[in-house]
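Student: As a plain string of letters, each chain reads:
4 protein chains.
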Amino acid sequence: MENRVINKRKIINDPVHGFITITFELAYDVIQHPYFQRLRRIKQLGLSHLVYPGANHTRFHHALGAMHLMTNAIAVLRSKGVEISEKEAEAVTLAILLHDIGHGPFSHTLENSITDALHHEDISLAFMEELNKEFDGRLTLAIDIFKDDYHRPFLNQLVSSQLDMDRLDYLQRDSYFTGVSEGVIGAERIITMLNVRDDKLVMDEKGIYSIENFIGSRRIMYWQVYMHKTVVSSEHMLINILNRAKYLFRNGADLFASPHLKFFLENDIDEQNFSRDESLNHFAMIDDADILSSIKVWTKHEDLILSTLCQYLIDRKLFKTTISNEPIDTNRIEELKEKIKVKIGIEEADLKYFIQHHKLVNSAYTENYQQINILQRNGQLKELAQASDNLNILALSKPVEKYCLCHVNIH
Amino acid sequence: MENRVINKRKIINDPVHGFITITFELAYDVIQHPYFQRLRRIKQLGLSHLVYPGANHTRFHHALGAMHLMTNAIAVLRSKGVEISEKEAEAVTLAILLHDIGHGPFSHTLENSITDALHHEDISLAFMEELNKEFDGRLTLAIDIFKDDYHRPFLNQLVSSQLDMDRLDYLQRDSYFTGVSEGVIGAERIITMLNVRDDKLVMDEKGIYSIENFIGSRRIMYWQVYMHKTVVSSEHMLINILNRAKYLFRNGADLFASPHLKFFLENDIDEQNFSRDESLNHFAMIDDADILSSIKVWTKHEDLILSTLCQYLIDRKLFKTTISNEPIDTNRIEELKEKIKVKIGIEEADLKYFIQHHKLVNSAYTENYQQINILQRNGQLKELAQASDNLNILALSKPVEKYCLCHVNIH
Amino acid sequence: MENRVINKRKIINDPVHGFITITFELAYDVIQHPYFQRLRRIKQLGLSHLVYPGANHTRFHHALGAMHLMTNAIAVLRSKGVEISEKEAEAVTLAILLHDIGHGPFSHTLENSITDALHHEDISLAFMEELNKEFDGRLTLAIDIFKDDYHRPFLNQLVSSQLDMDRLDYLQRDSYFTGVSEGVIGAERIITMLNVRDDKLVMDEKGIYSIENFIGSRRIMYWQVYMHKTVVSSEHMLINILNRAKYLFRNGADLFASPHLKFFLENDIDEQNFSRDESLNHFAMIDDADILSSIKVWTKHEDLILSTLCQYLIDRKLFKTTISNEPIDTNRIEELKEKIKVKIGIEEADLKYFIQHHKLVNSAYTENYQQINILQRNGQLKELAQASDNLNILALSKPVEKYCLCHVNIH
Amino acid sequence: MENRVINKRKIINDPVHGFITITFELAYDVIQHPYFQRLRRIKQLGLSHLVYPGANHTRFHHALGAMHLMTNAIAVLRSKGVEISEKEAEAVTLAILLHDIGHGPFSHTLENSITDALHHEDISLAFMEELNKEFDGRLTLAIDIFKDDYHRPFLNQLVSSQLDMDRLDYLQRDSYFTGVSEGVIGAERIITMLNVRDDKLVMDEKGIYSIENFIGSRRIMYWQVYMHKTVVSSEHMLINILNRAKYLFRNGADLFASPHLKFFLENDIDEQNFSRDESLNHFAMIDDADILSSIKVWTKHEDLILSTLCQYLIDRKLFKTTISNEPIDTNRIEELKEKIKVKIGIEEADLKYFIQHHKLVNSAYTENYQQINILQRNGQLKELAQASDNLNILALSKPVEKYCLCHVNIH
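Chains as they are written, first to last, in our numbering: chain A, 35 to 445; chain B, 35 to 445; chain C, 35 to 445; chain D, 35 to 445.
Hints are computed from structural coordinates only; laboratory data are not their basis.
Quick caveat, the model's predicted, so the values are computed rather than measured.
Beta carbons: idealized from backbone N, C-alpha and C, even for Gly.
Partial pick of chain B residues on the chain C-facing surface, computed with a CB cut under 7 Å: (1) 218; (2) 243; (3) 244; (4) 247; (5) 257; (6) 258; (7) 429.
Same shape as in the complex, but just chain A (with noise of 0.2 Å):
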C-alpha cells in the first residue's frame, strides 16, 4: 500500500519522453526542495514565447527530462559491459538533475542583469553546495562529477560537452515546445550509440549520422529560435528595462518590486559578495513573476524611458532587429540615434536604451572544445569532424558571425 503511494508520486508525465520515473529516493527528496520547486516558475527559452506561443516550458521539466535521458544513457552504458556503481549512477543523476539550479528568472535573457557578471553554472553550484549541507553531503560526489573533479570523465560528460544529456533533452523539448520540426532529434538513438573508451564519453560509429543531424539541428534552432530576431529584440529591451531600473535605484528612486527583487536592483552582486547566504536565499526567491508584474507597473513610472520601455514590452512593440552578414553601415546608426533623440525626446547618453548593434557568433560544433569521439568499427577512435564522410562537419565548426542591429521603431 505505502509502496504504491511512493511509486505514483515518482512518475511523471512528459509530453517529450513519455513517463519519467524518478530511480533515486535523494533525486526524489531533491526534486521536492523550493530551490528545485522555484524552477516550475522559470522559462526555458525567456521570452521566445513572443515568436513562438508554445514556448512556456520551465527549466523544471527540462531537468526531469535530462534526468530521464541520463537514467536511459546508464542503462545503455551498463548493457555494453561499462561499469556504473550504484553511488555513481545516483551521483550523474544527481548532477544532471541540478546542473541549471542556478538559473534565475528568464534564464540566459537577465543572466547579467539580475546579479553582475555571474555565470548560472557558478549560482548552481552555490545552490549545490547549501543542498549537500542540507542532506549530509549526500551529494558530493554529484558535485565532484558537475566540477569534472571525479577521475572518470565521461561522468562529467554526459553532464556537460557536445554530447551531454542536457543538449539532448532541451533540443528535444525546444522543438517540441516551439513546433519547429527542423529541431527534432534521434535523441533515443543518440543515447543507444554512446559509449565509453578509457573512461571518456565517445560513440559508435553507426551514429555518426545522428550526430551530424543533431549538430544541424542545433545550429537551426540556434538561429531560428534561440537567436529570432524577434526573440533578440525582446530579450534586449527586457535587459534594458533591468539595467534602468538599477540606474534609477541606484539613483534615489523607489520603483515597485518585490523585496527580493528589490534586494538585486539596489545592490550589485557579483562574484566575490555572492555566496554570502543572504544573496542566494534572495535569488531563491525570485522569478519570471517577480520581473513581470514589477514591469507592468512601472508602465506608468513618472521616468521615461524605464516607462517607454516597460509599455513596448508589455503591449508587444518590440525594437526593429535586423540580423545580416555584414557589419552594420555606421551611417544608418547615427541616421538613427538623431532620429530617435527627437522621437523618443532623449539625450546621447541615453541612446542606449533605445538602439544597440552588436555582433552574434555561433559555432555549431567545436573541434577543440570536448570534441565528439567516433569508436570505429576497427576499435580505433576518431575525432568526429575526421570520421565524418565530407566537409559538412568541418563547414559546422566553423563559426558563423552575423551582425545585429536592434532599435526603437521609429515610425
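Could you slot chains B, C and D onto chain A? The hints should help.
Tutor: Structure of chains B, C and D alone, referenced to chain A:
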C-alpha cells in the same frame, strides 16, 4: 515587399495544428491589442502544471488555435454549399478569437475569487464592447454572434456549443501539453464532418464514432486532468489564499500587491459595479504574475493563515485530497478538524481555510443543452444519443457525481 | 567486436514504440526462423489498405511490437514486487512473439478460406510445437503459458485477455498506420498501471480512465477500420474468389497458382488432417503474394464468375455495401438478386458470389470473459464495470449488432 | 445526397499529412484507373522493410501525398500573387500524381532488371500518353509540364527539381514509416516559403534554414535508409535473382512465373521495343507480388545458383556488406572469391552472382542542376550555396563517394 512583411507576421507556429494563418486584417489588429496580448500571461489550465509539468500553455495560444479551427470549419461548410458571407466569416472568426478574453489570472481557478461571481463570459463581453468602440463598431456582428443574437444560430454554435471550436481546440491542446494521450481527438476529422441544416450545426452520419470518441475523451480529460485530485487541491489552496488576503485587506491590513491587484483585493467587484471603465482597466492589467509574486512575499506575512497557505503552495506541499464515489464520512471530517486545529493552531472559524469538502458533478454529454444532431444518410436529423448504436452515449449523458475532501496534511 | 555485431542486430526501429530491443537470445533465434520471417509478407489488416492506404503493416511488425510491450510489462510488474523468474520472462516473451505465427495470407480475412475452419491459434500452436522440436524443447514453458496450462494465470493473461499486449500493440499500431487518431490509446500508461494479485492480472485503480479510453478506442477502431464497409466489401470479394477457385479446382480446372497455394486449393484441410508435416510446411510457404499474383492471372480466366470477381477486386471496383442498425429488407434483397442475375449473366445458385448479407456483432468489453479487475486503493478487487463511475462500461459490454448487405454494383 | 457520396470518396486518410482531398474530378478518375491502382502493390522503398519493418508504404500513397503538397503549394503561391490558372493547377496536379506511375516491382531496385535500361520516367511518360488517349487529350498540358515543354518552368520545378513536391513528400513519408526521426523535415514550412520570380521557383529568404535542414535530412536518409548496407545487400540479391532467372529462361529453362512476368523474363525489352502496346500492358500487370511468389517457388529450383539466392533472400540470410570510405582491397576480393567458389560450388563465371563491389556516389545538393534560388529581402536572387551563411551547403554539394563490397557469407 511590404506584402511579404505583412504575410510574415500573419503566420504563427503552433505545435498542435501546424501553422496558423491569420486570415482577416481586423483579427490581426485585435490580436495586437494589449487586451489580447495579456492572454499570453494567463495559463490555460491554472495550476495543472503542478501535476503535468508541460501544461504551461496560455489562453493566448488557445484562442489562436480555436481561430485556426474556425478558419477550417468555414472552408469545410462552404465546400458543402453552406453560404457564409465574408462579413459573417470575419465576425465568427472574431467571436471565437475573443470568446475567452475575459479570463483573469489562472483562468477558471480564480474566476470567483478576483471578482465576485462574475463569469468570464460577462467580462469577455465587456472587453468586446470596449474593443468595439475602439474599432468603430466593426465588432458588432461578432458580438451578436457571441451573444446568440444573430439569426443564423450555427454561427453561435461554432463558438459555443457541445461541438464548438473552443472544445475542439482545448482538448487537443491540453492533451498535447499535458502528454495525456487519452485526450487525443480527431479534431480535423470532426470538422470535416460538420454540416448545416436549417441554419443549425449538424454532423454528417459517418462522423458519429469521432463524436463518441470526442465525448469520451472529454470525460477522461475532465477527471484525469481538470479534476485531478492534486490539481483540485492546489486550486483550493490558491482560492483560500485569495480569500484570506481579501479578508485581511478589508480588515485594515496592507499586503504587498501590484496596484491593479490591490484594487480587487480591496473592493468587492460584482456584476453591478464591474462595467465601469475603472474595473475593466484594472482587470486588464492583472495576470498570473501578479498573484504569484504576491504569494511569495506573503509567505513571510505575520498572519499565520495566510503565510502558511502561501508557503505550502509555493513549496508544493499540497493539501491531501481524496475523490470518491461515496459521500464523505462526517465523523472523519470532524476528526480531521480537531487535528488541524491543533496542528496549525487555529480556531474553528478559520478551519475553512484548511479543510473543505464538496461535490463534483460532470456530464460528458448533455442531451438537453445544445444537443448534437446527426445528419443521417437518408437526409433526416437524429439527436446523437438516439443515433448512436448503443447505450454508450446515453450513459455518458448521465451526470457523474463524486465527493471531494481536501485538507492540510496533518502528519 | 562480435559483441557489437550482435547488439546491432538486436535493436529494431519501430515508429510506433521507438526502439525495440530483443532481450533474449532465444527470441532472436526464433525471429530469424523462416516460419517467423514469413510474417513479413502478411499484412496485419488484410485489405484495409484499400480504404486506409497507410495500412500495409505486417504481422511481423506487430509481433515485435507486442514483444516490446511485454518487456516493459515484465519490468513494471517486477518493480512492484511481482516475482517473475528469468525462465518465466523468457517464456512469456516467446509466447507473445509467437501468438500470431499461425496467421495465413491476409490474416483474418482468409482464416476460413485457405483451410477449413481452422483457427489461426491452432495453427500457431502447430508452428510452436514444430519449433519446439527444432529448439530442443526450449519452448515448452512458452507453449504452456500460451495454452493457459501454467499455474500462474497472469502470464497467459499478458498474452491473451482483454488487457493483453496483443491488443495494446495492435490498437496503437493500427492507429499509427491508418492515421485514425481516435484509436490512440495510452499503452505506456496502461502498462504502468498493471499489477498482479493472487497470480492474476489486475489494474491499479488510477488507471481506470485509461482502460475506459482503451475500450472505447477499440470499439471505434472496430467499426471505423476493421468493419469499415469498404473493407468488409473487399474482404467478401476476396473470400468469394478463393471459394470459387477451390470450386473450380475440385471440378477439374487447373488455375495458375504457386504449388503451395495449389495444395490448399485442391485439398480440404481441416483440423483432422492439418497436423501432418505436409500441410504445415505448405502453409509456411504461402503469404499475401501467392494470392495476389494468382488473382491477377485469374482476371483472364474463362470462368465468368472467377474472372469478374478478380477483375473487380484488382481494379478496386468494389461491391456496394451498407451497414445498418436494422435487419435488411428481404424484398430489397430479392429485387437486387434479379438485377444481378441479368447484369452478370449468372444462375440463382451462383448469386452467393455476388450478393451476401449477414449480421455483425461486437462487444467492446465482455464482463464474463477474462474480466478486467481493478485493484482499489483499499486493496480490494472490483470488476471493471462495477468499479467504473458510470454506466459507460456497462453500456460498452452490451453486444452491438449491425446488419450488412454487400453486393456487386448493378449500375 | 449524391454530393455527399462524391465528397466522401474524395477524402483520404493519410497519417503523414492528415486528410488528403482530391480537388479535381480528372485527378479522381485517374486515381481510379487500373494503371494507378497498380501502385498500391508496389512498395515505395523496395526491400528497405528488411531493415526498417515499418517501411511497407507504397508508390500509391506517395503519389497521393505529393499531390496533396501540390495543392498546398498552389494555394500558397496564389496567395502571394502568382497567377496560376485552373487549367494549369489541374495539369500540375496531374503531373505530380503521375510522375512515378512508371515504377515497376520494388521501385528503383529492379529498375534495370525487369526491362533493359529503361528509366521509370520514360515508362511514366508512356503510361501518361496512353492515359491521355483514354481521357481524350485532357492530360496534354500535364504531359507538357512533366516534360518541361511548358513556357512556365516553375510548374515543372514543382514536379521535378531539388525542391519538388516529390522529395518533400517522400522524405517525410519515409521518415514516418521507417521511424528514422533524423529525416523529419519542415515540409509545411518549406511550402509556405515558396515563391515565383520570372516564372521560376524560388525560396523566400527566411526559409533558408528549413532548406538546409531539408538537404541535410535528405543526405542522412540516403546513407541511413536508402543505402543502408543491409538494404543494399538485399537489393543486390534480388537483382541477381532476376538476372539469373532471365539467363535460365533464355537458355531454355521454364520457371514458375505469372504470364506477365514471364514476358519480361523471356524478352529483352529496351527503349526501342518498349512503346508497343504489348510491353506496356504486360508491365501494367506486374508488381511486387509476382516477384515474391516466384522467388518462393524458385527456392526449390534445380539450378543451384537460382535456388540458393532465392532461399537466402526469403529466409533473410543476407549477403555480408561493407561500405567504406576507401576503395576495396583487391587482394581481399580475390581471397573471398576463392572461398565462395568452394563454399557454394560454382565456377569463376558465376561468381558475379555472389560477390560484387562498386562505388556509391551521392551529392546532397547540386549547385549546377536545377539550383535553388533564394529571394532575398532586398528583392534580389542568390543561389542557395551563396546565400547560406556558412560553408555547410557548399560542403553538402560535394559528391560523397563510398565503396561497397557485398558477398555471400562464407562462414
